[in-house]
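K.L.:
All chains, please: the whole structure from these sequences, using the hints.
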Amino acid sequence: MSFADLGLSDELLKAVTDAGYTEPTPIQASAIPSVLMMRDLIGIAQTGTGKTAAFVLPMIDILSHGRSRARMPRSLILEPTRELAAQVAENFEKYGAGTKLSMALLIGGVSMGDQIKALEKGVDVLIATPGRLMDLFGRGNILLTGCSMLVIDEADRMLDMGFIPDIEEICTKLPKQRQTLLFSATMPPPIKKLADKFLDNPKMIEVSRPASTNLNIKQFLVPVSGNAMKKREALRQLLGQDEVRNAIIFCNRKTTVRELNKSLKKHGFKAGEIHGDMEQAQRIAELDLFKDGKINILVASDVAARGLDIKGVSHVFNFDAPWHPDDYVHRIGRTGRGGATGIAYTLITSEDAENIQNIEKLTGQKIDRLDLGAAAEAETPAATAASEEPRRGRRDRTTRGEGRRDRSARAPVAEAAPEVVEAPAAVEEPRRQPRQERRPEPEFAPPPRRDIRPDGGRRPRRDERDDGPDDGWNGPIPEFLKAVIGG
DNA sequence: AAAAAAC
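If you're matching positions, the first sequence starts at 15 in my numbering and goes up one per residue.
Derived from the structure by calculation, the hints contain no laboratory data. Fair warning: there could be bad hints in the mix.
Simulated DEER-style distance windows between Cβ atoms [as the list claims (entries may be wrong)]: (1) Gly176 to Gln379: 28 to 36 Å; (2) Gly136 to Ala242: 48 to 56 Å; (3) Leu157 to Gly282: 49 to 57 Å; (4) Leu157 to Gln371: 44 to 52 Å.
Here are the simulated PhoX-like pairs of lysine-lysine, each with C-alpha atoms no more than 25 Å apart in a straight line [stated by the list, open to error]: (5) Lys131 to Lys114; (6) Lys279 to Lys308; (7) Lys308 to Lys276.
All residues carry an ideal CB built from backbone N, CA and C; glycine is no exception.
P.N.:
Structure, rendered in structure tokens:
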């Protein structure tokens with residue numbers, strides 16, 4: 015399977031190959047042809063599966079070949095957080111560079127002036143967070159009647175954040191005749207309801223079981239005492255491993271984010287922070303510092319847990335075990351992206367027992383425990399003391415010239431936490447197969463019985479263009495159903 | 001329990 019087989023235009027194909035992609039990810043392979051055929055779509059996919067390109071690419075194709083209506087946006091993409099919206103906008107610019115399509119990024123935290131100017135000039139695509147979109151709409155700056163394509167991204171996150179009423183309202187402002195794509199990592203009942211209400215005979219695509227974790231990520235639970243100082247100590251010990259190139263460290267509270275960042279900096283780490291209480295400009299600046307490697311540690315709240323696509327994050331740490339198992343999956347998903355391997359450590363206290371149980375239940379896998387204290391005592395009594403030292407200079411004492419390439423084969427870093435480095439080998443996984451073959455056939459949840467929903471089949475025209483084996487409804491429509499759906 | 005999102 016190559017991008018060339020998906021029906022994208024030649025120009026777009028070139029943009030994709032120029033960007034260095036040759037093979038579509040599973041979700042791209044199944045979604046792109048359907049989207050090009052103007053079908054509604056439900057994509058059950060975690061972030062990091064290539065989901066963004068799965069809707070951005072065909073959207074660009076459709077828009078660049080359609081006629082633009084003066085000053086009216088023809089397409090709307092809704093994202094739960096500002097960072098995600100900005101990220102999608104970047105993607106749009108990257109792939110749409112060769113087209114004349116214009117775009118406006120409508121997010122809060124930045125001045126409205128530029129956004130309004132862009133809207134007045136007229137744009138083809140809106141990429142927005144719900145709050146700012148509603149705000150601008152209320153001020154009369156946006157007309158959505160020309161929006162014939164809608165993408166609701168990260169729907170389950172929108173639900174968590176209480177955005178569903180906003181989404182519903184926005185949906186009613188759009189024309190009824192439109193194409194709607196909904197992406198979600200999970201399908202809780204309210205999202206199903208939303209889909210039933212606003213999507214028409216959608217094709218269902220599921221690329222990996224919801225809430226399953228990426229097998230490229232090695233995971234460890236690290237028991238620590240609940241004491242904040244002890245936790246920071248343990249964290250520093252783990253961060254001291256030579257193989258920690260860079261890391262995102264998640265905390266449950268914004269105050270903890272601030273404290274931890276301050277503490278890490280004091281100990282000589284190149285750290286930064288990101289959370290929702292910061293100015294948007296500051297958020298972006300910190301994220302850029304991390305992306306550019308100017309800092310290699312980013313302490314974060316859950317604002318950064320989902321969807322953020324930063325290349326080459328080697329480690330994720332949960333300084334606090336997340337309260338919700340979903341968040342765990344999303345957090346650790348910031349590493350091990352694009353087929354790379356990643357390592358995730360979660361510091362756990364006695365109070366986290368239930369959370370951990372829930373996480374293990376959700377992911378269906380038992381996570382290995384790593385006992386730092388025991389390791390230190392058993393192996394090197396000096397280790398505890400070493401772990402308290404600032405990290406400065408430690409790296410210089412390790413074997414630099416050896417190169418970092420072959421990290422798996424490396425000897426453990428000398429003084430701090432020998433077990434920690436050893437342990438990952440113990441859970442070595444079988445050799446991975448190429449992405450495409452990982453799962454023989456996507457496993458599909460039984461599709462919602464949309465065909466017999468009260469308002470089902472309103473637009474039977476869609477029935478004629480069923481193009482895939484995997485929308486859960488292939489064969490001829492049985493007699494008993496024809497009566498209901500008028501097919 | 002927290003975090004996120006509009007001013």
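K.L.:
Look at each hint and say if it fits the structure.
P.N.:
Status of each hint after checking the structure:
no. : hint                         : result
1   : Gly176 to Gln379: 28 to 36 Å : 31 Å, holds
2   : Gly136 to Ala242: 48 to 56 Å : 53 Å, holds
3   : Leu157 to Gly282: 49 to 57 Å : 54 Å, holds
4   : Leu157 to Gln371: 44 to 52 Å : 50 Å, holds
5   : Lys131 to Lys114             : 18 Å, holds
6   : Lys279 to Lys308             : 13 Å, holds
7   : Lys308 to Lys276             : 17 Å, holds
Taken one by one, the earlier hints all hold for this structure without exception.
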